[in-house]
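A.B. asks: So the sequences go chain by chain: L and P. If you're matching positions, the first sequence starts at 227 in the working numbering and goes up one per residue. If you're matching positions, the second sequence starts at 227 in the working numbering and goes up one per residue.
In short, the hints are calculated from the structure, not lab data. All values reported here derive from a predicted model rather than from experimental measurement. One should not assume that every hint holds.
If chains are identical, the list can't say which one is meant, so a pair holds when it fits in one copy or spans any two.
[Unchecked claim] Cross-link-like lysine to any residue pairs, in silico, SDA-like; alpha carbons within 25 Å at most:
#  : residue 1 : residue 2
1  : LYS617    : ASP530
2  : LYS435    : GLU526
3  : LYS395    : SER377
4  : LYS338    : PHE323
5  : LYS312    : ALA541
6  : LYS404    : ALA454
7  : LYS338    : ASP627
8  : LYS529    : GLY503
9  : LYS368    : ASP272
10 : LYS584    : ASP594
11 : LYS312    : LYS452
12 : LYS584    : PHE624
13 : LYS633    : ASP233
14 : LYS395    : SER557
15 : LYS584    : GLU630
16 : LYS633    : GLU562
Protein chains: 2
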Amino acid sequence: MTLPLHDLSTLAVPVRFPAHSLEEVVATLIQEEAQGNLAPLSIVHDEVDLARFEKETNFLSKYPYLVVLGTGGSSLGAKSLYELTKPNFLPATQQLFFVENVDPVTLEGLLKDLPPQETGYLAISKSGTTAETMAQFLCVLKHLRSTVGASSIRERCLVITQPTDSPLKRLATRLALKTLDHPTAIGGRFSVFSCVGLVPALLIGVDVKEVRAGARAALSRFIQEKEASAVAQSAAAFAAYSTTGYNAHVTMPYCDKLTTFTLWWRQLWAESLGKQGLGTLPVPAIGTTDQHSQLQLFLEGPKDKFYTLLFTNAATKGPDFSAEDLDADSSLSYLEGRTIGDLIDAEQRATLQCLRNKKLPVRVLSFDALTPFVMGALMIEAMLETILAAKLMKIDPFSQDAVEEGKILTRTYLNEMA
Amino acid sequence: MTLPLHDLSTLAVPVRFPAHSLEEVVATLIQEEAQGNLAPLSIVHDEVDLARFEKETNFLSKYPYLVVLGTGGSSLGAKSLYELTKPNFLPATQQLFFVENVDPVTLEGLLKDLPPQETGYLAISKSGTTAETMAQFLCVLKHLRSTVGASSIRERCLVITQPTDSPLKRLATRLALKTLDHPTAIGGRFSVFSCVGLVPALLIGVDVKEVRAGARAALSRFIQEKEASAVAQSAAAFAAYSTTGYNAHVTMPYCDKLTTFTLWWRQLWAESLGKQGLGTLPVPAIGTTDQHSQLQLFLEGPKDKFYTLLFTNAATKGPDFSAEDLDADSSLSYLEGRTIGDLIDAEQRATLQCLRNKKLPVRVLSFDALTPFVMGALMIEAMLETILAAKLMKIDPFSQDAVEEGKILTRTYLNEMA
Chain L
227 MTLPLHDLST
237 LAVPVRFPAH
247 SLEEVVATLI
257 QEEAQGNLAP
267 LSIVHDEVDL
277 ARFEKETNFL
287 SKYPYLVVLG
297 TGGSSLGAKS
307 LYELTKPNFL
317 PATQQLFFVE
327 NVDPVTLEGL
337 LKDLPPQETG
347 YLAISKSGTT
357 AETMAQFLCV
367 LKHLRSTVGA
377 SSIRERCLVI
387 TQPTDSPLKR
397 LATRLALKTL
407 DHPTAIGGRF
417 SVFSCVGLVP
427 ALLIGVDVKE
437 VRAGARAALS
447 RFIQEKEASA
457 VAQSAAAFAA
467 YSTTGYNAHV
477 TMPYCDKLTT
487 FTLWWRQLWA
497 ESLGKQGLGT
507 LPVPAIGTTD
517 QHSQLQLFLE
527 GPKDKFYTLL
537 FTNAATKGPD
547 FSAEDLDADS
557 SLSYLEGRTI
567 GDLIDAEQRA
577 TLQCLRNKKL
587 PVRVLSFDAL
597 TPFVMGALMI
607 EAMLETILAA
617 KLMKIDPFSQ
627 DAVEEGKILT
637 RTYLNEMA
Chain P
227 MTLPLHDLST
237 LAVPVRFPAH
247 SLEEVVATLI
257 QEEAQGNLAP
267 LSIVHDEVDL
277 ARFEKETNFL
287 SKYPYLVVLG
297 TGGSSLGAKS
307 LYELTKPNFL
317 PATQQLFFVE
327 NVDPVTLEGL
337 LKDLPPQETG
347 YLAISKSGTT
357 AETMAQFLCV
367 LKHLRSTVGA
377 SSIRERCLVI
387 TQPTDSPLKR
397 LATRLALKTL
407 DHPTAIGGRF
417 SVFSCVGLVP
427 ALLIGVDVKE
437 VRAGARAALS
447 RFIQEKEASA
457 VAQSAAAFAA
467 YSTTGYNAHV
477 TMPYCDKLTT
487 FTLWWRQLWA
497 ESLGKQGLGT
507 LPVPAIGTTD
517 QHSQLQLFLE
527 GPKDKFYTLL
537 FTNAATKGPD
547 FSAEDLDADS
557 SLSYLEGRTI
567 GDLIDAEQRA
577 TLQCLRNKKL
587 PVRVLSFDAL
597 TPFVMGALMI
607 EAMLETILAA
617 KLMKIDPFSQ
627 DAVEEGKILT
637 RTYLNEMA
């Protein structure tokens, strides 16, 4: 399997951090990982947990509908992996749904649409206190009691939470539900390689061994190449940009099945770096679709953004056109002998050239095809880059304190309701 | 029906444009609309076209699968309206799909998954030259010839394009396909109230008369209140922000069914205002989900964003919890007597308070429930606001020239392929 290639030739790294700083930061990270102190990365070396997950969660595999109750780090990783196998049009025999919100219309739909006899539930919250997940799960439990009956709840529910005392943990204990431990040393947005990301993916048929293998290969490449690695060089550039008038970081894959990946990456980037008045706004985009939506602003709006484009080797792939149609109209001759993949290949290169012509900083990541191996590599490289950028910016990548006030206010307002 | 309410009390408008400038700009816009020179707005007064659309597109209503081939302005409006009726979980009897990209994996899935006998197609491109839409449609035509046969293509295809000579128009003529005219005076991103947005919505059962009625009511309110209207005041604030160090405009509805609306709005805002080095980056978000993704950055990152929150009156709505679970754990007492809707209501107010506590500029739009009427009002107010902001910034809201270079390069690269 081949790792993604990095082209940093037009990233035009502004030298802002002294070279020895990058060297030191990279050395420290590699040392921490080797000592087992960076669990979000080291977990990719685990060789026994996947078999255990498979055995312990097998009871859910009989349900045609599986629902993940969880939000942010408890959903976006698994949801990104699910896109690898999810059909774009008609559903497969087994479907995975992610309920991330507490919109009453959505929750009513959930309880009304999915037949309780045929539905399994995974409730995922690291802290075991997340209000949305607790509320969703409590609604589901009430619904199950009144439909399939209290005694069969444990046949269809799995709880993933850290093994410390919490409302979710106590609830699971009281109802004797099957549980898996959310690793305490791994935060939600870094949890994709743990059971949080891999169990829902495993249940839906994603080759999670390959996801881990891709992550291990990319981690090895970084450890070998150190500060000369593309990941370290990109992190240095992005950290420097964030202090020199750049406000946003656009990530634009030319691949529909990376749509949720860009949302996963958005959380990783925004929560890890958005602190102390620093951080750049992560901007998800999809080529070619967003060429018809955001590109005008990127090219002619403020020059305050840097770009990551992700290219697939789409040339010659996909359906082609009928000679009958092309011959009938000379204005369509540009499509003669071409496929739909040729078109997206030409478009991704054209957009790159337009960004370069405007002297905008662009990094390109390219890969042959979006496999689970490539996805694992993309995800661990995004983590490495984010952690390195944070350390260069002297920010703790693993905290997210700002949203605590909102959680307290939510409970106050609930208490004040009539 | 009730129009959305605007709360601008914490928008803290920086006075940047002289008051008489706003007054003039509003007066000009109202005059243009009255004279019929602002077709994107005036079209909401049309009283006969909907019945004609219904009659002329009725032949598609027998297909359980309907596919819109189109991108940007040709898809996002109808897609936003479809969300109003689309179930979140299991599909309804008739389904609408939007193919906006030329990813070969997606296109292969389209041709493989959807039974050609049961699928109708709408090809939508204003110019009739959009490479993605042409390529998608040519693939579909080839597929239909080899499955249902050339003679039955016209039974299942509708073309929406402006009535001028173009590859798509010529193709439709040659194959004797049913066509509807894309109004020439309405650009793609402003086309939601024309057949472009309303025909797919109509076919899938959205009450498009109510969409128009909501738009008319909101337009009347604006015309009556003039520069004192919330729309004009917001536009003035947003135009001023864009020249005073604010880089991004976050729009965050607390309503799952506004997810595509935020993407529709993103295109409207980005393409209309992203010119001459100006424009603010539109940032879509969904509450509460993005509280677990982007909020940390909003609260503790750079203070360079302004916010639009959209609140629904969710309190007391949706499923509730079992007393059995709440009584068993005192830490869950904050949910006692509450529903899932109470929770989202408390959360939206808590987030508003957190943003205000940080002295960030916030505008709140609130409505009772997301009906087609409210959606129509939200959409026309977004258009009015965007046009007014552009005029205050001395930008033409209706052009988008920057992406032409990419289109030329795409054809060059296609020609250069082996």
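A.B. asks: Against each hint, give a clear statement of whether it holds in the structure.
C.D. replies: Hint check results:
Proximity of LYS617 and ASP530 under a CA criterion of 25 Å is satisfied in both settings, with 22 Å inside one chain copy and 23 Å between copies. Proximity of LYS435 to GLU526 under the C-alpha cut-off of 25 Å is found in neither arrangement, the shortest distances being 44 Å within a copy and 37 Å between copies. Only within a single protomer do LYS395 and SER377 lie at most 25 Å apart by alpha-carbon distance; the minimum there is 19 Å, versus 63 Å between protomers. In this homomeric assembly, LYS338 and PHE323 come within 25 Å of each other (Cα to Cα) both inside a single copy, at 14 Å, and across copies, at 23 Å.
In this assembly of identical chains, LYS312 and ALA541 lie within 25 Å of each other by CA distance solely inside one copy; the values are 23 Å within and 35 Å between copies. For a Cα distance limit of 25 Å, the shortest separation of LYS404 from ALA454 qualifies neither inside one copy, at 46 Å, nor across copies, at 59 Å. Proximity of LYS338 and ASP627 under a CA criterion of 25 Å is satisfied in neither setting, with 37 Å inside one chain copy and 48 Å between copies. In the homo-oligomer, the alpha carbons of LYS529 and GLY503 lie at most 25 Å apart both inside one protomer (20 Å) and across protomers (7 Å), since each shortest distance falls under that limit.
Within a single copy, LYS368 and ASP272 get their C-alpha atoms no closer than 37 Å, and across copies no closer than 49 Å, so neither meets the 25 Å cut-off. For a Cα distance limit of 25 Å, the shortest separation of LYS584 from ASP594 qualifies neither inside one copy, at 28 Å, nor across copies, at 46 Å. Taking the shortest Cα distances, LYS312 and LYS452 never come within 25 Å of each other, neither inside one copy (36 Å) nor across copies (49 Å). In this assembly of identical chains, LYS584 and PHE624 lie within 25 Å of each other by CA distance solely across copies; the values are 22 Å between and 35 Å within a copy.
Taking the shortest Cα distances, LYS633 and ASP233 sit within 25 Å of each other only across copies (23 Å), while inside one copy they are farther apart (42 Å). In this assembly of identical chains, the alpha carbons of LYS395 and SER557 lie at most 25 Å apart only when taken from different copies (12 Å versus 65 Å within one copy). When the C-alpha separation of LYS584 and GLU630 is checked against a cutoff of 25 Å, the pair qualifies only between copies, where the shortest distance is 14 Å, while the shortest distance within a copy is 41 Å. Taking the shortest alpha-carbon separations for LYS633 and GLU562, only the inter-copy value of 17 Å comes in at or below 25 Å, while the best intra-copy value is 58 Å.
Of the numbered hints stated above, those contradicted by the structure are hints 2, 6, 7, 9, 10, 11, listed in ascending order.
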